[in-house]
Structure formats: structure tokens, C-alpha cells
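S.K.: Chains X and S, in that order, give the protein sequences. Numbering-wise, our numbering comes out as the position in the first sequence, counting from 1, plus 608. Numbering-wise, our numbering comes out as the position in the second sequence, counting from 1, plus 193.
A couple of the hints might just be wrong.
Below, computed lysine to any residue pairings styled on SDA-like, alpha-carbon distance capped at 25 angstroms [claimed, not checked]:
#, chain 1, residue 1, chain 2, residue 2
1, X, 648, S, 201
2, S, 250, S, 297
3, X, 648, S, 294
4, X, 648, S, 267
5, X, 644, S, 277
6, X, 648, S, 296
7, X, 630, S, 229
Far from chain X by the CB rule (all over 10 angstroms, computed), these chain S residues [as the list claims (entries may be wrong)]:
#, residue
8, 206
9, 209
10, 210
11, 245
12, 265
13, 299
Only part of the chain S face toward chain X is listed, based on derived beta-carbon distances under 7 angstroms [what the hints assert, rightly or not]:
#, residue
14, 238
15, 289
16, 292
17, 293
Just so you know, the hints here were simulated from the structure itself, not pulled from any lab data. Here the structure is a predicted model, which means the values were calculated and not measured. C-beta atoms are modelled at their ideal positions from N, C-alpha and C, and glycine is treated no differently.
The residues making up each chain are set out below.
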Amino acid sequence: ETGVTQTPRHLVMGMTNKKSLKCEQHLGHNAMYWYKQSAKKPLELMFVYSLEERVENNSVPSRFSPECPNSSHLFLHLHTLQPEDSALYLCASSQDTGSGELFFGEGSRLTVL
Amino acid sequence: GQNIDQPTEMTATEGAIVQINCTYQTSGFNGLFWYQQHAGEAPTFLSYNVLDGLEEKGRFSSFLSRSKGYSYLLLKELQMKDSASYLCAVRYYGQNFVFGPGTRLSVLP
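Using the sequences plus the hints, can you model the full thing?
M.R.: Okay, here's the thing in C-alpha cells:
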């Protein structure tokens, strides 16, 4: 039990589909993150939210759309993805953006056909 | 950008000691973290260094030299379950974490 849960754990979608990844943290943290993990590449930061406000967007294509309705929930909406978007998408939280370690969810393994 | 370097793969024998090195750019440094990630699982926090020196936590220790931009993770009395990827991550002032590529450690019997 990591305190950060992600659903679904596995997702297969076509390039024309629309799907969403969900993340929920039960730790009372103020900051939430989306990371992309591809084979043989470092973790790539995609989005950062602090108290439900987006504070960082690392040049992520618009086919990825984050949503943070409250400090415990984070979504990543996906549409018209490309095969190269296939990766493990990790959600994480921390006490604040400038302090504390990251607590990761188990990840959502995405395959785009 | 801030590049973090670590060896890609390492192999060691059960019961041995292994040292995983990490180098980083020093400008704006505000803390270094080590994470362990088993295949198909979430990364889990191992250690945190912000001052020079050695932090010991059971079989795992982490060392930091801020002037050299260098850290290592030391794993003693290796067990098979220690086979995993070890991620070095640096927090810089005004930025979020920057992760290294990870070191895949294989522990052999």
C-alpha cells in the first residue's frame, strides 16, 4: 500500500480513442505529479499541480490533458495518441512542491496501437 | 539542463557489497534522493541527502559530496530481492526533481 493509487493498471487504446488515467492520494499532500517512464529513458516530468493549480507543464503535447479537481485526485485525459506514447505513466505526490520525497503510484501501463 | 549520470547496469553476488554511483550538476542543488523500483512496481523512497556525508539505514547507505556533485548508494549483504532498478534524483531550487536513467542491479546466487 503506497498511499497513491492509480487506475487502470493496464490500458490498450487505438490512436482515435479517448481514455483517462486516474490517480488518488490518501496522504494529505499538496502537490501531485504526472511522470512518463519509457524503456531505457529517465523519468520524464509531465505536469505538476500544487493545491489544485497547475504549476508546471513540461512542453507536453496537447493530446495529454491533465485535470486536478481537488488536492487528492489527478487525472490524465488522453486523445488521439501516437504509438510512441506507449509507456508507463506514474502519478506521484509530495507534501509540497519544494519539500519532501515523492510517493509514487503503481503506474498505468499504456499501449497505443 | 541538469543531467544526472548513473551506470546503466550492474551485477553482483548474493551476500556481497555493491556501490552505485551518481553524478549531477551542482548549480542550484537542493537535495538528492535514491529510489528503488522493482520491475512492474512503483518507485519507493530509499534515502535523502542534502548535507555532505553518509546516511545509513540498515543495509543501505547513501553518501553525498556537494562540491563534487557526487553521490553513491551502498548496498551491503546483498539479497536476491535487491535485484531492481535504483534511481538517483536531484531536486534543484525553483525546479522539481530531475531523475537519472536508473541503474538496473542484478543479484546472482
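S.K.: Are the hints correct? Go through all of them and say.
M.R.: Verification of the hints:
no., hint, verdict
1, X:648 to S:201, "9 angstroms, holds"
2, S:250 to S:297, "21 angstroms, holds"
3, X:648 to S:294, "7 angstroms, holds"
4, X:648 to S:267, "23 angstroms, holds"
5, X:644 to S:277, "19 angstroms, holds"
6, X:648 to S:296, "10 angstroms, holds"
7, X:630 to S:229, "23 angstroms, holds"
8, 206, "25 angstroms, holds"
9, 209, "26 angstroms, holds"
10, 210, "25 angstroms, holds"
11, 245, "19 angstroms, holds"
12, 265, "18 angstroms, holds"
13, 299, "16 angstroms, holds"
14, 238, "5 angstroms, holds"
15, 289, "6 angstroms, holds"
16, 292, "4 angstroms, holds"
17, 293, "6 angstroms, holds"
In terms of the numbered hints stated before, the structure departs from none.
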